[in-house]
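Colleague: With the hints as constraints, model all of the structure from the sequences given.
Residue numbers (this note's numbering), protein chains in the order written: chain E, 5 to 331; chain H, 5 to 331; chain B, 5 to 331; chain C, 24 to 120; chain D, 24 to 120; chain R, 24 to 120.
Some hints here could point you the wrong way.
To be verified - Straight-line C-alpha distance at most 20 Å; calculated PhoX-like pairs for lysine-lysine:
id: 1; chain 1: R; residue 1: K44; chain 2: E; residue 2: K32
id: 2; chain 1: D; residue 1: K44; chain 2: H; residue 2: K32
id: 3; chain 1: D; residue 1: K94; chain 2: R; residue 2: K25
id: 4; chain 1: C; residue 1: K119; chain 2: R; residue 2: K94
id: 5; chain 1: C; residue 1: K94; chain 2: D; residue 2: K119
id: 6; chain 1: B; residue 1: K32; chain 2: C; residue 2: K44
id: 7; chain 1: R; residue 1: K119; chain 2: E; residue 2: K294
Don't read these hints as lab results, they were simulated from the structure.
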Amino acid sequence: MSIDLILNNLLSPPILFFLLGVFATLVKSDLEMPTQVARFLSLYLLFAIGFKGGYKLSESDFSPEIVLMLGAATATSFIIPLWCFAILRRRLPVPDAAAIAATYGSVSAVTFITAVSFLKSESVEYGGHMIAAMALMESPAIVVGVLLARWFGEREEGGQINWSELGREAFLNGSVLVLMGSMIIGLATARNGGWASVDQFADGDMFKGVLCLFLLDMGLVAAKRIRDLKESGFILIAFSVIAAVVHAMLGIGIAWLIGSSAGDALLLACLVGGASYIAVPAAVRLAIPKANPSLYVPMSLGLTFPFNVIIGIPLYYAVIKMLWSSS
Amino acid sequence: MSIDLILNNLLSPPILFFLLGVFATLVKSDLEMPTQVARFLSLYLLFAIGFKGGYKLSESDFSPEIVLMLGAATATSFIIPLWCFAILRRRLPVPDAAAIAATYGSVSAVTFITAVSFLKSESVEYGGHMIAAMALMESPAIVVGVLLARWFGEREEGGQINWSELGREAFLNGSVLVLMGSMIIGLATARNGGWASVDQFADGDMFKGVLCLFLLDMGLVAAKRIRDLKESGFILIAFSVIAAVVHAMLGIGIAWLIGSSAGDALLLACLVGGASYIAVPAAVRLAIPKANPSLYVPMSLGLTFPFNVIIGIPLYYAVIKMLWSSS
Amino acid sequence: MSIDLILNNLLSPPILFFLLGVFATLVKSDLEMPTQVARFLSLYLLFAIGFKGGYKLSESDFSPEIVLMLGAATATSFIIPLWCFAILRRRLPVPDAAAIAATYGSVSAVTFITAVSFLKSESVEYGGHMIAAMALMESPAIVVGVLLARWFGEREEGGQINWSELGREAFLNGSVLVLMGSMIIGLATARNGGWASVDQFADGDMFKGVLCLFLLDMGLVAAKRIRDLKESGFILIAFSVIAAVVHAMLGIGIAWLIGSSAGDALLLACLVGGASYIAVPAAVRLAIPKANPSLYVPMSLGLTFPFNVIIGIPLYYAVIKMLWSSS
Amino acid sequence: MKDVKRIELVIDAAHTPELIKVIRASGATGFTVVRDVQGSGDRGDRMGDELGNVFRNCYIIVAAGETIAEKLIYDARPLLERYGGMCLVSNASWIKH
Amino acid sequence: MKDVKRIELVIDAAHTPELIKVIRASGATGFTVVRDVQGSGDRGDRMGDELGNVFRNCYIIVAAGETIAEKLIYDARPLLERYGGMCLVSNASWIKH
Amino acid sequence: MKDVKRIELVIDAAHTPELIKVIRASGATGFTVVRDVQGSGDRGDRMGDELGNVFRNCYIIVAAGETIAEKLIYDARPLLERYGGMCLVSNASWIKH
Ligand SMILES: Nc1ncnc2c1ncn2[C@@H]1O[C@H](COP(=O)(O)O)[C@@H](O)[C@H]1O
Ligand SMILES: Nc1ncnc2c1ncn2[C@@H]1O[C@H](COP(=O)(O)O)[C@@H](O)[C@H]1O
Ligand SMILES: Nc1ncnc2c1ncn2[C@@H]1O[C@H](COP(=O)(O)O)[C@@H](O)[C@H]1O
Ligand code: NA
Ligand code: NA
Ligand code: NA
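Modeller: Here you go:
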């Protein structure tokens with residue numbers, strides 16, 4: 005049955021366009037998505053999912069379950085980097101271990117969005133607060149990662165931690181701001197029909213179509229990055245997959261304990277199991293300059309992301325269906 | 005009541021995204037809208053509003069009121085630069101005074117478009133000829149501004165006015181051409197269902213959504229420009245707001261005399277009260293090189309535009325409602 | 005009657021926007037479509053038409069006529085370069101003759117797409133396999149052109165033909181890959197409602213609107229290219245128009261023999277009569293570096309394309325209507 | 024190998040066409056243009072105003088022989104005086120091919 | 024004509040703002056920035072990662088007098104040491120206008 | 024401070040990958056690429072054809088020691104002969120860090 009889900013997922017347009025992009029890179033095609041457009045498409049996706057999330061929040065009446073979910077989700081973003089760091093620093097220099105830890109503590113917006121479109125195709129509902137969860141989970145891991153790098157690493161010259169800098173990079177980077185901002189706007193304008201006035205632009209076919217084109221680009225880029233991994237060795241390759249599964253299962257467990265819906269459970273699994281490749285690398289590049297981006301970017305973008313969108317999402321959902329039906 | 009309108013306007017998605025952009029700049033976020041995409045979005049907005057305007061024109065049966073409106077609107081674009089120049093040259097060198105005069109004589113397409121979406125949310129009608137009015141008002145101010153600079157300024161080397169150059173910059177610059185062209189095309193193809201075949205692309209949710217994303221970028225840029233104003237001193241800051249209000253009131257007065265609808269009145273107010281920050285600066289940069297763009301761009305983009313879209317539009321509309329109801 | 009069709013076609017938004025672009029270039033306006041956006045729009049058009057083609061294929065039940073059509077279409081892409089080369093080499097050096105031959109053997113995606121929107125406005129049906137025909141016709145001409153250049157030209161240094169290189173440039177260039185890939189994805193996901201989930205993004209008003217904006221850019225570029233033709237002389241100018249008509253008639257003849265529908269006949273006429281200005285030039289630039297792009301690009305982009313979209317499409321359709329009604 | 028002057032200019036995007044006219048007129052065999060560069064100078068920051076082309080620069084490189092270079096610099100001066108910008112000249116050798 | 028040092032730097036897009044601060048502090052009268060350039064060096068390829076700005080460089084040109092140039096190079100060094108990048112210095116003459 | 028040769032090349036966007044192969048093979052420690060530059064030369068204007076990459080150039084900068092520079096120039100020549108383009112060489116000093 006989980007095989008069915010995986011095959012069905014494989015036959016969904018977004019995944020197939022991702023694979024088309026991978027194929028294009030592997031056969032050395034000259035296909036490329038213009039850089040500025042790619043950045044705009046990712047802005048659009050954050051705008052769309054955030055706006056919708058805010059609207060859905062305004063719909064859903066407030067419940068303790070929501071608070072628990074948001075709290076637990078945020079907690080994972082604080083805690084996950086700790087054990088990732090503990091494991092990785094055995095093999096890697098402190099800065100690299102800390103950077104990768106931050107990457108896996110944070111979230112992958114596109115994995116989340118792909119999961120959302122997966123739920124839609126399975127016509128399963130989910131709560132708007134999950135988008136709030138994503139927004140809350142992006143930043144803490146960055147702070148923790150940087151602190152780990154500072155505490156365990158040798159003092160940088162001018163070693164004082166520049167908290168305002170760090171805060172800005174963690175909480176005010178472009179991705180977080182657009183996601184949070186759009187969500188708040190969606191929430192604030194829900195009454196006056198804000199969402200209603202843009203939903204055909206920010207949802208439905210437009211959203212699905214842009215996701216296809218963006219995943220085409222993700223495929224082009226991810227396949228390029230995989231090459232970088234040749235050097236990085238087996239341990240890290242294994243880590244990128246195992247971390248995804250283990251963290252996803254942790255997410256499922258939390259959702260189960262909270263007693264949230266199957267849809268929310270899948271989204272939490274993708275948030276906890278995902279790794280950031282835009283927001284965190286951008287922040288870490290500034291805050292942990294000694295860390296080598298050719299490690300943390302390829303791991304999250306070249307391995308964890310493809311694994312999650314192709315196999316992870318349906319796999320996690322199969323597990324969830326089992327657990328939720330049994331209970 | 006006018007307070008209500010202002011608050012309602014503040015709670016509309018486009019304005020909130022504008023403020024989000026301002027916020028991002030103020031907190032030094034790395035958020036940015038890719039340049040080429042921003043330029044395309046503004047092309048799209050001109051294409052969409054122009055096309056729709058042409059279609060609406062084909063619907064509305066020709067009336068003397070329309071001719072009066074177009075004539076009066078065009079006239080303001082010729083006359084406004086004169087008194088602006090008279091006032092400003094007391095404080096500023098001739099080229100700067102002339103450049104700012106041209107800026108305020110011309111129009112701000114996005115202010116107009118924001119007013120259009122304001123009217124939609126208030127479900128108030130407006131006439132397609134107002135878009136023709138906008139197209140007609142863009143260029144004359146440029147010509148007047150340049151002539152002022154030449155007549156009152158010391159002769160440039162090779163001082164002859166290159167009329168063909170000037171004409172091209174005033175009447176054939178990208179913005180004017182796309183707006184005019186789309187309007188004519190909308191008009192010409194109305195019979196064969198031209199508008200019907202693109203309206204879901206050029207209107208409705210798509211138009212509103214793109215407006216939100218473009219205003220996000222406007223916010224980012226406007227906030228950057230405000231900084232330039234520190235040098236330019238209080239007079240110019242005051243001028244950017246007072247000119248907006250005075251000119252808007254002039255527009256309302258004209259609309260009232262013509263006896264046009266409340267919707268058309270608001271649009272005329274925004275056209276007369278608005279200042280250009282794309283078409284005119286581009287033309288003036290070439291035609292009045294001695295003028296300092298760090299004056300005329302920040303004034304229109306950093307002050308007049310935000311004032312008009314945030315406070316101006318609802319304020320002007322409040323005034324209009326009073327007048328129109330009383331009559 | 006054919007005059008009617010031509011005038012009606014002239015009054016369709018896409019053609020008028022093309023002319024607006026031409027006008028902008030002729031009057032030296034500063035209007036320009038940002039490069040990266042233009043490239044993205046062409047990606048979108050290939051994505052949309054490919055995806056839809058795949059879906060339509062899944063609908064249409066397989067017939068021998070389809071096989072005939074695909075076979076015949078592919079054949080023209082092999083054969084046309086031969087006589088084009090035979091004619092052109094009398095006047096031109098071998099590399100130029102071969103490059104132009106490849107250009108005219110291959111297809112123009114936008115001419116095809118404009119024909120599709122022409123059929124829609126005439127509410128005439130066409131088969132999804134025509135999009136497969138386009139995909140199949142793009143590459144062979146490239147291979148033939150390169151081989152002609154090698155056989156008749158003096159050996160390059162390191163003259164061995166690098167087949168893998170050539171194959172990649174012919175069959176795996178960006179345009180072919182996106183078109184083919186999207187078509188296969190459309191076909192593979194048809195069952196699971198793949199097309200249904202994106203059609204409002206990849207079809208209808210969105211498709212028409214993007215086509216308008218892209219043709220605006222095509223007009224800007226085509227008009228620039230025409231200037232290059234001053235040097236290239238009357239023969240080549242004549243060739244670009246005559247080849248279009250002759251090949252289109254060949255296409256109509258084939259369609260007539262196969263007994264395909266009027267819609268399919270027009271599309272085949274546009275495929276055979278069209279000349280490539282993106283895929284082939286990109287490939288030929290690499291494979292026949294000695295050929296002068298200021299010949300083959302202006303001919304296809306500056307003459308053949310405008311002729312086909314403005315006069316050709318309605319003209320060919322008039323002929324088709326005559327033949328098909330008479331039979 | 025041929026000794027040439029390497030002239031690099033930075034000028035407003037808006038005035039680039041004029042400068043290119045001057046370069047062509049000078050008899051230079053070619054030039055290279057990098058569009059949309061940012062910068063700062065006497066006229067303040069020009070970090071690329073996303074909404075127009077008023078705060079954008081172009082960066083232009085011309086390799087030319089001594090005499091043509093001098094003519095070009097002489098002809099370009101009025102433009103730079105009127106519109107601002109930068110002009111650097113250095114020595115380089117052109118690899119014939 | 025004034026002899027100047029032509030300093031060209033390549034640095035991570037992410038660290039460009041810091042470098043620009045240093046340039047302004049050095050007393051240079053201006054600088055030019057070409058954004059989004061690609062490259063390769065000790066830290067491997069940086070061919071522009073389309074999804075973030077981690078693998079993107081900026082190319083910066085500064086023309087300045089000898090003394091300011093030396094100060095700038097001295098102040099920029101720590102940045103280059105920490106983040107990598109390139110710094111070339113050559114001679115040029117600045118065409119006054 | 025180390026004396027290096029500053030090699031700058033302009034070549035068709037389409038042929039840039041070949042040139043980069045040559046640069047890597049030459050033993051140069053790095054290079055910088057500015058994509059999508061426009062220009063004009065013997066083969067006429069190449070002002071960036073918005074629809075393909077046929078009329079677009081790339082601008083490439085390589086700083087390398089004398090011997091490597093010579094090898095690189097020698098190896099790049101055939102490319103430039105076949106495809107056209109430009110190659111300038113000048114002197115610069117590399118600021119070690
Ligand atoms: N000293 C300098 N070094 C490098 N670029 C400069 C320098 N001065 C000016 N520029 C460039 O020339 C442009 C115009 O300079 P200006 O006219 O002085 O404002 C600036 O925006 C910079 O891009
Ligand atoms: N020898 C070189 N010549 C030209 N550019 C270089 C060279 N070395 C490094 N670069 C540029 O500087 C950037 C950073 O260099 P690195 O810190 O050594 O990786 C590279 O991505 C290149 O863009
Ligand atoms: N004298 C020159 N100065 C600067 N750039 C040049 C020069 N000659 C050629 N180029 C550049 O090299 C490209 C190819 O030159 P060509 O092969 O001669 O057409 C041109 O498009 C320009 O970008
Ligand atoms: Na995570
Ligand atoms: Na005005
Ligand atoms: Na053909």
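Colleague: Next, verify each hint and record whether it holds.
Modeller: Hints versus structure:
no., hint, in the structure
1, R/K44 - E/K32, "15 Å, holds"
2, D/K44 - H/K32, "15 Å, holds"
3, D/K94 - R/K25, "18 Å, holds"
4, C/K119 - R/K94, "15 Å, holds"
5, C/K94 - D/K119, "15 Å, holds"
6, B/K32 - C/K44, "15 Å, holds"
7, R/K119 - E/K294, "18 Å, holds"
Consistency note: the structure conflicts with none of the earlier hints.
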